[in-house]
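Q: Here are the chains, one letter per residue:
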Amino acid sequence: MRGGALRAFVVKELQHIVRDRQTLTVLLLMPLVQVLLFGNALRNDVRDIRIAVVDPSPSAVTQRLRDAFVATRRFHIVADARAMDQVEPLFRRGEADVALVIDPAFTEQLGRGEPARVLLVTDASDPNTGSTMEAYALAVLGDYERTLRGGSAPGIAVQTRMRFNPTLESVNLFIPGLIALVLTLVSALMTAISLSREKERGTLEILLVSPLRPWQIIVGKVVPYIALGLANAATTLAVAWVVFHVPFRGSAALLLAESLLYTLASLALGVLIAANASSQRAAMLGALVVTMLPNTLLSGMIFPIASMPAPLRLVTNVVPARWFIVIARGIMLKGVGLEHLWVETLVLVGMTALLLVAAVRRFHARIA
Amino acid sequence: MSAPAAGGDAVIVRDVAKSFGETHALRGVSLAVAPGELFGFIGPDGAGKTTLFRILTTLMLPDAGSARVLGFDVERDLWAIRARVGYMPGRFSLYPDLTVEENLRFFAAVFGTTIAEGRAVIEPIWRQIAPFASRRADALSGGMKQKLALCCALVHRPDILFLDEPTTGVDAVSRREFWEILAELRAGGLTTLVSTPYMDEASQCDRVALIHEGRILAIAPPDALGAGFGQALVAVRGADRFALLKLLREHSDTLAVYPFGAELHLTSRRPAAERDAAARDVAAWLAARGHPDAVVAPIEPGIEDTFMARMSGAAGEAAA
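Those protein sequence lines, which keep their order, are chains A and B.
Letter by letter, the first sequence follows residues 1 to 368 of this note's numbering.
Letter by letter, the second sequence follows residues 1 to 320 of this note's numbering.
Don't read these hints as lab results, they were simulated from the structure.
Note that this is a predicted model, so its numbers are computed, not measured.
Do not rely on the hints blindly, as some may be mistaken.
[Unchecked claim] Covered stretches of chain A, as calculated for chain B (at least 3 residues, CB under 8 Å):
#1 117-123
#2 210-219
#3 291-304
[Said to hold, decoys possible] To give an idea of the interface, some chain A residues facing chain B are shown, with a C-beta separation under 10 Å as derived from the structure:
#4 5
#5 6
#6 11
#7 12
#8 135
#9 139
#10 143
#11 357
#12 361
#13 362
#14 363
#15 365
[What the hints assert, rightly or not] Below, a list of computed lysine to any residue pairs in the SDA-like style, where the Cα atoms sit at most 25 Å apart:
#16 A:199 / B:45
#17 A:199 / B:80
#18 A:199 / A:354
Each residue gets a CB set at the ideal place from its N, CA and C atoms; glycine is no exception.
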């Protein structure tokens, strides 16, 4: 009996979605258009670059090179290693941005008057930040080279390498952010609108004066949007893969599970917004302010969090999209699994639980 | 969940009050509705009808007082009441993008039943809207929408029906048809509470409560309401209604004057027994003041007259 009521609710909700052709078209085409539009992201300044120095045969000469980086204040050294292998885990965990790999024969090469070789490896999962960091490192190396010229002027030969996103395509970077955006839009915005529409039409009054429990109304309301949201996420991925050849290195199942988690958080947010809004218009504006703005501006999707002022950086911590984007980038671009993303996942789980509880509590069985 | 006590009242309201900030929607309302009764609430917009209905349908909690529906407390036995009531809110509350049949099927399912199971109850109404079963609800006429809404409120065979201004904004023919349906439901023994701003609909009810500014002014069968009217009442008909209205207010016998259809109704200070004399006095008085063509006749008070008299009485008490 109860199951029948819930099923009827979901069917009714699907009918609303399918019959609102305009909205449905917009929702289905939006990921496509956005993937194509977000072609050019913005360049940004970066401070506090974490650098790992790989120096197989330390000497006074290499020590001076190391000091040149320390002296800029922009860099801070997170590790002094003897081999690249030791730095690799730091990169995977996202604890180092740049690795300066000094040739074992660096001191000798300089002494012989040959160009001394160094390798610069940069984490470019965020292409903007990556290329900026690389440019800073090259500038430091250039200054160092000039101090050498004061002597016999052999110079140094720098090789550079970008990691994770070697072709430096910003599209790789914004796709995870775009998935977050699409999921938020469909889940939070559409749920808020459709629930406040019931409120405005007065149908919610009839639903409340029925044996349906509040949680059943919420579940019936959100189930179709979970499906729609995940379908949209899949479209975004497919377009990104086919048109822009964005890599997908990690587990699709994990990404799906994380997307589901993130969708739940957004849906709960949508219900909360609708419960507090007096009209469809208010719900829409509320949803835009509460979800869309933080999602695009404070999530790291476009502007790297590392280059934000400290207070804003703090604020980003309460934006669910921020955590989801780290997770999605990790899975897609780095191919890492839950062992590296469990902190972010836990944060999302906590946020989702909090939002769900708040939504169910705020959605009363009575209107006053 | 225990069944309501046999023979008890279907609805009992005791001293119910409800405020929204500074607005007192209900200021201590008490009443009882017998099983099978068709009970009407008559009052202007803002009288508190909708608030009372929302309290009785468990949508709102009263600030003070208590109410029982079918023997269940509106505060404690929320879910027992919700499984047994049919409710039609004031606004057109259906899904405009669903068809007639989809709307009905949905509301049946929400209450854990099917159209087939509720068929017997809705049959008389369903017959009228069945030809439009596959039409979208927003393409229906006002009268049809309202019949569909009633079907949706009835399909789960409720024990009691709450209709909040069901005929507001509906054409006269549909209004009459709607009340014919209510009469049929009443014959079937369904307890129905209905609110309306239209006085003429009150005469179809078993009993009527006059409600104004959150207070019940009177509860009585519709034809008995006028009987409590102690004053002489006269109807005045003339060319310049507005001038007459202003002039009649100056007459020393006048208690109240108000427009009523094409006429003016004047409540006199003189008792009902002297109404013929009162009418003759008013006619002579008007003739002396340049209105010899005014037609003045004594009349029996209707519900609206009772309402106007009681409202001005209530206003007088409040001012005193």
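Q: Taking the numbered hints from earlier one at a time, note which ones the structure violates and give those numbers from smallest to largest.
A: 1, 3, 8, 9, 10, 11, 12, 13 and 14
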